[in-house]
Amino acid sequence: MTDIHEPPMWEDPQESSALRQLLRAGRVENSDYDVESGLARHLAQLQAGAQVPGWAVQTTLQKSASWSLLAWLVPPAISAGVVGAWLAFQPAAPAPASLGNFVPAPSNASNAPAAELIEPARVAPAPTRVEADRSSETKEVKRVLEEREAAREQVELHDHSNVVARSARPATRQNSTRRARSSHFEDAPATSNGYAAVAQSRDSNGVGAGSSVTSVTSVTSVTSKSANEEALANKVIAPVSPAAQEPAPASVEEAKSVERRAKEDESANGANAKEDEVSGARLEREMRMLAVAQRVLTEDPARSLRLCRQGESEFRGSMFSAERKQVALLALVQLGKVEQARREGIPFLRAYPNAPWSARLREALGTGKLPAP
Amino acid sequence: MSEWSHLDSAELFRRYAPFVANFLARMGVARSDVDDLVQEVFLVAHRGGGYAPGPAKPTTYLASIAFRAATTHRRKRQTRSFVKLADDVVSSAGDERNSPERDADQRRQLALLDRVLDALDTDKRVVFVMAELQGESVVAIAQVLGIPVDTAYSRLRAARKVFRETADVLRLEPTSALGERLQRVGT
Chain A
1 MTDIHEPPMW EDPQESSALR QLLRAGRVEN SDYDVESGLA RHLAQLQAGA
51 QVPGWAVQTT LQKSASWSLL AWLVPPAISA GVVGAWLAFQ PAAPAPASLG
101 NFVPAPSNAS NAPAAELIEP ARVAPAPTRV EADRSSETKE VKRVLEEREA
151 AREQVELHDH SNVVARSARP ATRQNSTRRA RSSHFEDAPA TSNGYAAVAQ
201 SRDSNGVGAG SSVTSVTSVT SVTSKSANEE ALANKVIAPV SPAAQEPAPA
251 SVEEAKSVER RAKEDESANG ANAKEDEVSG ARLEREMRML AVAQRVLTED
301 PARSLRLCRQ GESEFRGSMF SAERKQVALL ALVQLGKVEQ ARREGIPFLR
351 AYPNAPWSAR LREALGTGKL PAP
Chain B
1001 MSEWSHLDSA ELFRRYAPFV ANFLARMGVA RSDVDDLVQE VFLVAHRGGG
1051 YAPGPAKPTT YLASIAFRAA TTHRRKRQTR SFVKLADDVV SSAGDERNSP
1101 ERDADQRRQL ALLDRVLDAL DTDKRVVFVM AELQGESVVA IAQVLGIPVD
1151 TAYSRLRAAR KVFRETADVL RLEPTSALGE RLQRVGT
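Residue numbers (the working numbering), protein chains in the order written: chain A, 1 to 373; chain B, 1001 to 1187.
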């Protein structure tokens, strides 16, 4: 066991007399608390049956073993109950594998298997929590799909002008895109890596019209450029006809699917990369300013102070704000403005008593000289 | 001694209410709130079956309850306002037996002490107050706080270091008359 072989501070001769005096003042029991009136109030509370304050109740409950046991047992039991209730309301017919867990509302009552999943007779009158979650998830998926759709359109407009014949593009772009989505949905593999496909409606003749079918698939592979170009050319130049809307050979469809995945990935990664680039550049600039301010602290404190103030105006409230402030305070000390540094530094040190630079700043404020780093 | 009569409760209150009030003040509780928290501490002690004689002294036992009360109070107060009233800065110290001059000096010292203690976070502060100001052993402090003894020692060491440094800085603050006097004493 660790032991401190030191006397209390207030009687330690190595401590300064001022410090010991301060501690002795705290050791004297000199409260002006009115015991008699406090006691009268206390007894009155007991007679009135006053309840224990909330913080004491919580602490007692948290410390009791039975409560801990309940905390471990109750959530799994509730989860099991919810899952059981959810399973009880499941339809007898299995859902198509490609639909996953998401079951959107049908726009056509005569629709095929997807619509049967939410047939009114099989749904509980009041929506359960699981259903509410599924509904919110469906909305979220729709929102993501719309965003990705917009990004995909942008990529198509800008990136593939050298692949598709310019004259054919304006007339056929929309149709080909729709057709590609339609055929992808029809041929989507049952295991789509955890992503869900959302089907909104289908034509009554069983052929995908393509206008209301959307899908999201995971993007896990990158294909060659020639395959992408071939797939896109096939998609755009092919005439729009019922025959063309028939499922294409597996290799072409697969190429289309892969090409679309690559586009989605590019658009998503492109947006993120731009944001990262901007924030990374800002961070780098801020760090450089701070590093220069620290480097010139001794030789040119005025410049150091100027850099700190500029940094604070540019990156107010950033993660280096406190670090910058302490450099500015050290610069003030170095400039001989010790009183100003103390005025600003003492509350600052109160807020950051244990930072890595606190000891150095304390010494600087106390001695009025810049200590060695 | 699982059940307390009102008399026992009253006796405990008479003996230790000043101690609890002092402890709460050193933990940063505002003067206007000390009485309410003293009531809460003794109410919790009473409802919890009271103090059972054992290794912990009654002061240690009451301090452990008061610490929880002060922590909760501090959290609530921080959510209400970050501004501390000027009245709260001055401690509730004052002894009728002292002369006015000595009383004022004592108040100033306690105000400075509270400002230095404000530099400590709650975990270190409670260990420091109990060890250095209340004279509790570190082992007893560890027991009532439910922390390992080594942790209590390391917190005490860290708290002493911060206390020493903060006191040095505050001594140099020109706005404090006591700081000037302490500076003269120190040099």
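Mixed in with the good hints, there may be bad ones.
[To be verified] Below, computed lysine to aspartate or glutamate pairings styled on EDC-like, alpha-carbon distance capped at 20 Å:
#, chain 1, residue 1, chain 2, residue 2
1, B, Lys1161, A, Glu363
2, B, Lys1057, B, Glu1165
3, A, Lys369, B, Glu1136
[To be verified] Which stretches of chain B does chain A cover? Using the computed rule of at least three CB atoms under 8 Å from a CB of chain A, they are:
#, stretch
4, 1021 to 1034
5, 1118 to 1126
6, 1160 to 1170
[Said to hold, decoys possible] Pair by pair, the computed Cβ-Cβ distance ranges are:
#, chain 1, residue 1, chain 2, residue 2, range
7, A, Glu339, B, Arg1074, 44 to 54 Å
8, B, Lys1161, A, Gly280, 35 to 45 Å
9, B, Arg1074, A, Ala359, 21 to 31 Å
No lab work stands behind these hints: they were computed from the structure.
Every value quoted in this text rests on a predicted model; they were computed, and no experiment measured them.
Every residue, glycine too, gets a C-beta built ideally from N, C-alpha and C.
Item to check | Pairwise hint evaluation, Glu363 (chain A) against Lys1161 (chain B), where the allowed Cα distance is 20 Å at most | outcome: Holds, because 13 Å separates the two Cα atoms, which is no more than 20 Å.
Checklist entry - Is the straight-line distance between the alpha-carbon of Lys1057 (chain B) and that of Glu1165 (chain B) 20 Å or less? => result 31 Å, violated
Item to check | Coverage of the stretch 1160 to 1170 of chain B by chain A (three or more Cβ within 8 Å) | outcome: This one holds; 10 residues, not fewer than the three required, reach chain A with a Cβ under 8 Å.
Checklist entry - Would you say the stretch 1118 to 1126 of chain B counts as covered by chain A, given the rule of at least 3 residues with C-beta under 8 Å? => result holds (count 4)
Next on the checklist: Can you confirm whether chain A covers the stretch 1021 to 1034 of chain B, using C-beta to C-beta distances below 8 Å and requiring at least three such residues?
Outcome noted: As far as the stretch 1021 to 1034 of chain B goes, the hint holds, because 5 residues have Cβ atoms under 8 Å from chain A.
Next on the checklist: Check the hint pairing Lys369 (chain A) with Glu1136 (chain B) against an upper bound of 20 Å on the C-alpha distance.
Outcome noted: Roughly 39 Å between the alpha carbons, so the hint for Lys369 (chain A) and Glu1136 (chain B) is violated.
Checklist entry - That 35 to 45 Å hint for Lys1161 (chain B) and Gly280 (chain A) (C-beta), does it hold up? => result Holds - the Cβ-Cβ distance for Lys1161 (chain B) and Gly280 (chain A), about 38 Å, lies within 35 to 45 Å.
Checklist entry - Taking the CB of Arg1074 (chain B) and the CB of Ala359 (chain A), does the distance hold inside 21 to 31 Å? => result 26 Å, holds
Checklist entry - Falls inside 44 to 54 Å, the C-beta gap from Glu339 (chain A) to Arg1074 (chain B)? => result 32 Å, violated
The earlier numbered hints that this structure contradicts are 2, 3 and 7.
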